[in-house]
Amino acid sequence: MKTESALEKVLAAGHLAVTSECGPPRGALPDKIKEKAEILRGYVDAINVTDNQTAVVRMSSFAACLIIKQIGLHPILQMVTRDRNRLAMQSDIIGAYSHGIDTMLCLTGDHPCFGDHPMAANVYDLDSIQFVQMVRNMRDEGRFQGGDEIQNPPKMFIGAAANPFGDPFELRVARLAKKVRAGADFIQTQCIYDLPRFEKWMEGVRDRGLHEKVAILAGVTPFKSAGMAKYMKNKVPGMSVPDDMIKRMAGVPKEKQADEGIAICVETIQRLKEVKGVRGFHIMAIEWEQKVPEIVKSAGLYPRPPV
Amino acid sequence: MKPFEPLIVAFCCHYCAYTAADMAGSMRRCYPPNIRIIRVPCSGKVDAIHIMKAFQKGADGVYVAGCLEGDCHFKNGNIQAARRVDYVKRLLDEIGIGGERLDMMTMSAGMGERFASSAVEFTEKIRRLGPNPVKRPDRAKAAGA
Amino acid sequence: MITAERKPIQEIMEYVKPYSRILLVGCNECVTVCAAGGRKEVGLLSSALQMACMQEGKVLDVKEMTLERQCDPEYVEELAVAINQVEAVVSMACGCGVQEVARRFKEKPVFPAVNTKFMGASERQGVWAERCQGCGDCVLGLTGGVCPIARCSKRLLNGPCGGSSRGKCEINPEVDCAWQLIWDRLKALGLEKRYEDIAPAKDWRPSRDGGPRRIIREDLAS
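Chains as they are written, first to last, in this note's numbering: chain A, 1 to 307; chain B, 1001 to 1145; chain C, 2001 to 2222.
Since the hints were made in silico from the structure, they are not lab data.
Hints may contain errors.
Result set (DSSO-like, lysine-lysine): computed pairs, CA atoms no more than 30 Å apart in a straight line [claimed, not checked]:
hint, chain 1, residue 1, chain 2, residue 2
1, B, 1053, C, 2058
2, B, 1089, C, 2063
3, B, 1002, C, 2058
4, A, 200, C, 2193
5, A, 233, C, 2168
6, C, 2063, B, 1057
7, B, 1089, B, 1075
8, C, 2040, B, 1089
9, A, 213, C, 2193
10, C, 2007, B, 1057
11, C, 2040, B, 1135
12, C, 2017, B, 1057
13, B, 1045, C, 2063
14, A, 200, C, 2168
15, B, 1135, C, 2007
16, A, 276, A, 247
17, B, 1125, C, 2058
18, A, 247, C, 2168
19, B, 1053, C, 2017
20, A, 224, C, 2168
21, C, 2117, B, 1089
22, C, 2007, B, 1089
23, A, 230, C, 2168
24, C, 2017, B, 1135
25, C, 2187, A, 213
26, A, 200, C, 2187
27, B, 1053, C, 2108
28, C, 2063, B, 1135
29, B, 1053, C, 2040
30, C, 2193, A, 276
31, B, 1053, C, 2063
32, B, 1057, C, 2058
33, B, 1045, C, 2007
34, C, 2040, B, 1057
35, B, 1089, C, 2017
36, B, 1089, C, 2058
37, A, 235, C, 2168
Could you build all of it, start to finish, from the sequences and the hints given here?
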């Protein structure tokens, strides 16, 4: 065991791990975070807190993680390289660890042009791979990126993202290999709708033995409506939604579409359980957290194993 | 007060537009005396600065007349001219003169009628727009007119 | 070259409002190539400003000069003959030139007529695109001749990110994904293996982050 992380414990014990997400509020509203996290209590092993997702300013991931920690749940600190340089990142990491936050996800971050402050200066001092490397060295070598010793180094369980659906496809396994070599302990993938493409990626991953070096959590997101499915297909870069899934959603009357979306999500999880190398699931029900318990139960992932 | 008579500068290419103007003359097809023709070897020879200077010196309207698309004696001089005219139109809008005082026309050498009718139409348009704003009445006073 | 675009006329008019005699200076190098501030553009801007002033009943006297470059003091010196006949200088050079003119003629107000944009190259006639960010530590030899710092929106050294789509960047479908370009080049050169080398965190000191920079050639410095 590299850390005290609850997520690491679940994975080390050989269980399929389940994580989900909380998006912090756009204001100083700590109760909102508590409400969202409370819905997930008992249904997930750890909860991701997004970091100014889509480059829109929200309560900081660090602050929201603290709130979640204080109510006895396990937060995953998401951090993007877009908004912080290496000083601020390392500073926040030791700060978070000092509060008992021991699991994090190292990301590059959506470009500011998508968000509410397109006029801001981008930082991008590091990229996600250099970021993973930095956190691994903080933990295992006990050194800051600049070389000095860290007093009581943070023992972070390190996560990274992977997108099997981004272009160019031929590079997506190699990119995962880089993240693994840089020190990633676990991976959360972009949400999966296109199973054949995901399975093809996993083949490449298994060929190189990467599934044994890093714990891959398959990302899933339930469709709320046919409109959402179409939007994901056409407007979100790096996302692949098969046409027959759109047809299925559109073929159902509006008031039944939400249930159909949940059904598709649960079926996807069941199919993913059969894919060798998938060590768990990351359920991203954006602004729909109340459906996560239902999904976890229907997918046969409840109750969560005690650690 | 004399009624406003527009002063119009027409850059006409030798091969087509100028010949068309000539043709209009031979046909006894009248066109307004407001038009001052400047013959150029090709409409593409007209530079943005020539158009600007024409307005600066008091022209109320300017047009560049070249060959029909595909027929330019110098291959694509007329296309360059059209793009340049668009550029200057935007510049004229920016400084308050107004891009509508400038135009690009195309015609073949035999189109005397077209030359004449375009000239009439353009002159009337400029008459309606009024004098070039650089010629403010009190500026004329300030210059001691 | 360094690229630039003319500022809106209204903005330049605001600068010259208090003056009736100005010197409008162009530059024969970069801004000529990108058609923003060369001799032709000086002529056009001069005419435009004069016409804009005429509409307000004002006569603006514009002296037009175009120097070989404005970033070398020897050329800037050529303005000395005309400087006393004017109240202000409007420079159509890039920011480097404007500053050199201001440095030499401290007692004259100097204004920029163009917005300096980026170091770039011509993609085709009339189209220029950003190519170099002056990071001070060039990695082009490793990336098949495509710069990830200037051409990747997130300046990733280990790209592409998850938003690369059909060879284009997530921020704008007209922007190429630099890492797609790099990968295509590495393939063409038979250097696919290099893709998995992890490029370590960049030392930004040679870049602007280390402070304003200077090069001194001992053998040439007077």
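| said: With the threshold set at 30 Å, check whether the alpha-carbon distance from residue 1089/B to residue 2017/C stays at or below it. | reply: holds (24 Å)
| Are the Cα atoms of residue 1053/B and residue 2040/C separated by 30 Å or less? | holds (13 Å)
| Going straight from one Cα to the other, do residue 2063/C and residue 1135/B come out at no more than 30 Å? | Holds - the C-alpha atoms of residue 1135/B and residue 2063/C are around 22 Å apart, at most 30 Å.
| Distance restraint between residue 1053/B and residue 2063/C, which requires alpha-carbon spacing of 30 Å or less | Cα-Cα ~16 Å, so holds.
| task | Measure nothing beyond the straight line between the CA atoms of residue 1089/B and residue 2058/C; if it is 30 Å or shorter, mark the hint as holding. | result | Holds. Residue 1089/B to residue 2058/C sits at ~23 Å (cutoff 30 Å).
| query | Can the restraint linking residue 2040/C and residue 1135/B be considered satisfied, given a maximum Cα separation of 30 Å? | reply | Holds - the C-alpha atoms of residue 1135/B and residue 2040/C are around 25 Å apart, at most 30 Å.
| Quick one, are residue 200/A and residue 2193/C close enough, alpha carbons at most 30 Å? | holds (21 Å)
| Are residue 2007/C and residue 1057/B close enough, with their CA atoms no more than 30 Å apart? | Holds: residue 2007/C and residue 1057/B sit about 25 Å apart, inside 30 Å.
| said: Just to be careful, I want the Cα atoms of residue 247/A and residue 2168/C compared with a cutoff of 30 Å; is the pair within it? | reply: Given that 30 Å is the threshold and the Cα spacing comes to 28 Å, the pair holds.
| query | Straight-line Cα separation of residue 1125/B and residue 2058/C no greater than 30 Å? | reply | Measuring from Cα to Cα gives roughly 28 Å; hence the hint holds.
| task | Would you mind confirming whether the straight-line C-alpha gap from residue 1089/B to residue 2063/C stays at or under 30 Å? | result | Cα-Cα ~25 Å, so holds.
| request: Would you mind confirming whether the straight-line C-alpha gap from residue 213/A to residue 2193/C stays at or under 30 Å? | output: holds (21 Å)
Of the numbered hints listed earlier, not one is contradicted by the structure.
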